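Each chain is listed here by its residues.
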Amino acid sequence: MPDNKQTPLDKTTLTNKLLAILPEASVLHQDERLRPYECDGLSAYRQKPMVVVLPNTIDQVQAVLRMCHQYQVPVVARGAGTGLSGGALPLEYGVLLGLAKFKNILTIDAKKRIAVVQPGVRNLAISKAADIYGLYYAPDPSSQIACTIGGNVAENSGGVHCLKYGLTVHNIQQLKILTMQGELLTIGGSGLDSPGYDLLALMTGSEGLLGVIVEVTVKLLPKPERAQVILAAFDDVVKAGEAVGNVIADGIIPAGLEMMDKLAIQAAEDFVHAGYPLDAAAILLCELDGSNAEVSEHVSRVRDILLTSGAMEVRTAKDEAERLVFWKGRKAAFPAVGRISPDYYCMDGTIPRKQLPRVLQTIADLSKEYNLPVANVFHAGDGNLHPLILYDANKAGELERTEEFGGKILELCVEVGGTITGEHGVGVEKINQMCVQFQSLELTQFHAVKAAFDPDGLLNPGKAVPTLQRCAEFGAMHVHKGELAFPELERF
Amino acid sequence: MSDQSEKLQQQVLQAIANSQALKIVGGDSKYFYGHTIEGELLFTTQHQGILNYEPTELVISARCGTPLSQIISTLSQHNQMLAFEPPAFSNNATLGGTIATNLSGPRRAYAGAARDFVLGCRLLNGKGEILRFGGEVMKNVAGYDVSRLMAGAMGTLGVLLDISLKVVPIPEMESSLVFELDQQRALDKIHELSSKAWPISASCYHSGKLYVRLSGAEQAVIHTSQQLGGETLNQADAFWLQLKEQTLDFFQSEENLWRLSIASDAAALSYEKCLIEWGGALRWIKTNDVAENLFATAAEWGGHATLFKPSANEASQRFQKLSAPMLKLHQQLKQAFDPHLLFNIGKLYPEL
Numbered sequence: 001m002p003d004n005k006q007t008p009l010d011k012t013t014l015t016n017k018l019l020a021i022l023p024e025a026s027v028l029h030q031d032e033r034l035r036p037y038e039c040d041g042l043s044a045y046r047q048k049p050m051v052v053v054l055p056n057t058i059d060q061v062q063a064v065l066r067m068c069h070q071y072q073v074p075v076v077a078r079g080a081g082t083g084l085s086g087g088a089l090p091l092e093y094g095v096l097l098g099l100a101k102f103k104n105i106l107t108i109d110a111k112k113r114i115a116v117v118q119p120g121v122r123n124l125a126i127s128k129a130a131d132i133y134g135l136y137y138a139p140d141p142s143s144q145i146a147c148t149i150g151g152n153v154a155e156n157s158g159g160v161h162c163l164k165y166g167l168t169v170h171n172i173q174q175l176k177i178l179t180m181q182g183e184l185l186t187i188g189g190s191g192l193d194s195p196g197y198d199l200l201a202l203m204t205g206s207e208g209l210l211g212v213i214v215e216v217t218v219k220l221l222p223k224p225e226r227a228q229v230i231l232a233a234f235d236d237v238v239k240a241g242e243a244v245g246n247v248i249a250d251g252i253i254p255a256g257l258e259m260m261d262k263l264a265i266q267a268a269e270d271f272v273h274a275g276y277p278l279d280a281a282a283i284l285l286c287e288l289d290g291s292n293a294e295v296s297e298h299v300s301r302v303r304d305i306l307l308t309s310g311a312m313e314v315r316t317a318k319d320e321a322e323r324l325v326f327w328k329g330r331k332a333a334f335p336a337v338g339r340i341s342p343d344y345y346c347m348d349g350t351i352p353r354k355q356l357p358r359v360l361q362t363i364a365d366l367s368k369e370y371n372l373p374v375a376n377v378f379h380a381g382d383g384n385l386h387p388l389i390l391y392d393a394n395k396a397g398e399l400e401r402t403e404e405f406g407g408k409i410l411e412l413c414v415e416v417g418g419t420i421t422g423e424h425g426v427g428v429e430k431i432n433q434m435c436v437q438f439q440s441l442e443l444t445q446f447h448a449v450k451a452a453f454d455p456d457g458l459l460n461p462g463k464a465v466p467t468l469q470r471c472a473e474f475g476a477m478h479v480h481k482g483e484l485a486f487p488e489l490e491r492f
Numbered sequence: 493m494s495d496q497s498e499k500l501q502q503q504v505l506q507a508i509a510n511s512q513a514l515k516i517v518g519g520d521s522k523y524f525y526g527h528t529i530e531g532e533l534l535f536t537t538q539h540q541g542i543l544n545y546e547p548t549e550l551v552i553s554a555r556c557g558t559p560l561s562q563i564i565s566t567l568s569q570h571n572q573m574l575a576f577e578p579p580a581f582s583n584n585a586t587l588g589g590t591i592a593t594n595l596s597g598p599r600r601a602y603a604g605a606a607r608d609f610v611l612g613c614r615l616l617n618g619k620g621e622i623l624r625f626g627g628e629v630m631k632n633v634a635g636y637d638v639s640r641l642m643a644g645a646m647g648t649l650g651v652l653l654d655i656s657l658k659v660v661p662i663p664e665m666e667s668s669l670v671f672e673l674d675q676q677r678a679l680d681k682i683h684e685l686s687s688k689a690w691p692i693s694a695s696c697y698h699s700g701k702l703y704v705r706l707s708g709a710e711q712a713v714i715h716t717s718q719q720l721g722g723e724t725l726n727q728a729d730a731f732w733l734q735l736k737e738q739t740l741d742f743f744q745s746e747e748n749l750w751r752l753s754i755a756s757d758a759a760a761l762s763y764e765k766c767l768i769e770w771g772g773a774l775r776w777i778k779t780n781d782v783a784e785n786l787f788a789t790a791a792e793w794g795g796h797a798t799l800f801k802p803s804a805n806e807a808s809q810r811f812q813k814l815s816a817p818m819l820k821l822h823q824q825l826k827q828a829f830d831p832h833l834l835f836n837i838g839k840l841y842p843e844l
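Listed in order, the protein sequences are those of chains V and S. In this text, residue positions in the first sequence follow this note's numbering: the first is 1, and each later residue adds one. In this text, residue positions in the second sequence follow this note's numbering: the first is 493, and each later residue adds one.
Extracted from the complex, chain V is given alone in its bound form:
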């Protein structure tokens, strides 16, 4: 693993070597031009890169990687920079490889129901381009207007529809990647499976540590005939959580099933005026899609289940316009919270749904303890919780308190049988909590997987998988259930 504090090539030498490969306009090295790249969607972490390159052909990327491999210069790949875990945080002594110029949709094949796209194509642009064929790309992270497919693959992005339609890993068919050595590999194929190991699964969600994605073939689905959304208000979040279980127990898998708590409802309502009931402790948004007949049947059943589960009020969107308004509040929940607080910190744990009452109660207790308000937005169908901690970075020590609070929420998710990240990735943000989720043997296995692709550890070093050393240091601060983490390691 390279030490970030050492530079194999000084900035001038590195810049000149890159200028020998790329057009001048594709190499950014002046201070003011590097500034926009110093962070991704998690702006609490900032680091100016040494150099940014913006190639626009696979050959160029290959040449950059070969040169960096030769001189052992670390490389961080970046898509649109909308990631929420600092996965694209640059290195002070490395190259930031921006893939934003790879923005062409190469093919849409309506018969095969696939789109072949470059990694810098925006998520939503794929569905827009496929629309004329009555097809769409199902995973829809909230940032879909801006986030790119390369980043979606790197993070295994989800979205509000993944309970029914799956994550990125379920919706891609082929990748072209470049290894750190500059080898171009095709992973997957035109069929529904491929020979050998499932490298498509391994690459998806690997956070830019195993290879650089240069082309993605996504699966497209026929657009459902109809989608309908139901909004239900509850006077108690526990009842809302139980209602979710009741819908699923009835054999219905909704296209989307989202929950918001009181603070999130208020923030969203103030922002987009979706008509949300402000007296509710929680609302559920339940989207049902399919054929006209199926949706009608399910809407009526879900309404009954929600009422039986104790909903104060159940509304069905009367038309497509109202359906979009119902969703608008949910999709704008993050920026809405951004309006009522100078800063917010978005967590991403996933829990078994039955643990929701305990987890929400503990978050409420911690919120009092840290004196920091929390708004909860929840992909309720699949147990993916997004607590938003409201804080003010300009107040001394508040960010540190927020991070500590956030860390405790993630550790709680692990304790109840869940995970520290459902869809945003580990990045730099949750690197310490990886020491809580995994033991040293598993982390060692992850490092061995990494070494199979990138033995020199040059791709996105320091992200996603912590070193055992780091965990030992973190473990010294966080003794979990009275057990010393990583007892086999020496302490310094």
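Some hints here could point you the wrong way.
[Claimed, not checked] Only pairs whose alpha carbons sit at most 20 Å apart, straight line, appear in this in silico EDC-like list of lysine to aspartate or glutamate: (1) S:Lys813 - V:Glu183; (2) V:Lys111 - S:Glu792; (3) V:Lys368 - V:Asp343.
[As the list claims (entries may be wrong)] Residues of chain V placed beyond 12 Å of chain S at every Cβ, according to the derived structure: (4) Lys48; (5) Phe271; (6) Lys328.
[Unchecked claim] Not close to chain S: a few residues of chain V, all C-beta gaps over 12 Å, as computed: (7) Leu22; (8) Ala125; (9) Gly134; (10) Lys239; (11) Leu278; (12) Leu307; (13) Ser367; (14) Lys368; (15) Ala393; (16) Gly397.
Derived from the structure by calculation, the hints contain no laboratory data. Model, not experiment: these values are computed from the prediction. All C-beta atoms in this analysis are idealised placements derived from N, C-alpha and C, irrespective of residue type, glycine included.
Given chain V, put chain S in place with the hints provided.
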């Protein structure tokens, strides 16, 4: 019904000490799949039992030796199922073998493969270490997706001790239609149907008939049946079961049975004895043609061929050859999980 993890771990540690290759055996229901290999037998069938099943969380966790039939019957008591409709090929089939082979049935093209439903696993690697990856939640992106990597690895990377899977509700209603068509028209028809959001859950073409199964809400299935026409297939459940378990007449053969997983829009292939599934993306072929021709045909259509069931002790390579850089990467991954080269050596490829 007991935890044999330690016993299995001891056997692996002993194998390391003795430099003894191991051959992992569950119910041996898929003995014909992959190359015939040597090795001290490591039996998984004693390591059985359902560990956790939460119908409203849509997840089941069980030990690898748990009979597949037990998993399926437990789920059906709560009106749930494994969406990938795995073939068992015998009553002995276990969960471990089901995931290790990643074989999926008729619903695969419409619901996903075994690998799509893997949420987590406990793995015994080639260093004799017991590791846990993934979990029991639907969304989990902490660390590399090692559990999904195990699906289809044929036991070459380690012993899957416990596995957690996502489960789904059994559709309220199913109904199947039959259309009499020649092969090219059947392919055109299934592509046309697949381009719309009809509730299709399986498709099959052979001997001049296209079979289409509809699954979903009652009204949706009834309405779609009326729209699509065709004849209603009687005893449809039996048909799809025979297809999945390969007990249809087509599969009774003296010839090699090849599995070609290719682009769904591939034209009718030149092999006469062909059964089509998965909306065109899976073609079963009976032939004694040389292996190279099958591999070349599959490659031409962007996919791969597998000698699924050889007629005799066929010496040919069973799986499509990997490119040199891909093979190297596979060998490096094998090293990462099984550095002493213990598990199922040669089952998938001679080099792994």
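Tested hints:
no.	hint	result
1	S:Lys813 - V:Glu183	18 Å, holds
2	V:Lys111 - S:Glu792	18 Å, holds
3	V:Lys368 - V:Asp343	18 Å, holds
4	Lys48	27 Å, holds
5	Phe271	26 Å, holds
6	Lys328	23 Å, holds
7	Leu22	25 Å, holds
8	Ala125	21 Å, holds
9	Gly134	7 Å, violated
10	Lys239	15 Å, holds
11	Leu278	30 Å, holds
12	Leu307	18 Å, holds
13	Ser367	23 Å, holds
14	Lys368	27 Å, holds
15	Ala393	26 Å, holds
16	Gly397	28 Å, holds
Hint 9 alone, counting from the list given before, is not met by this structure.
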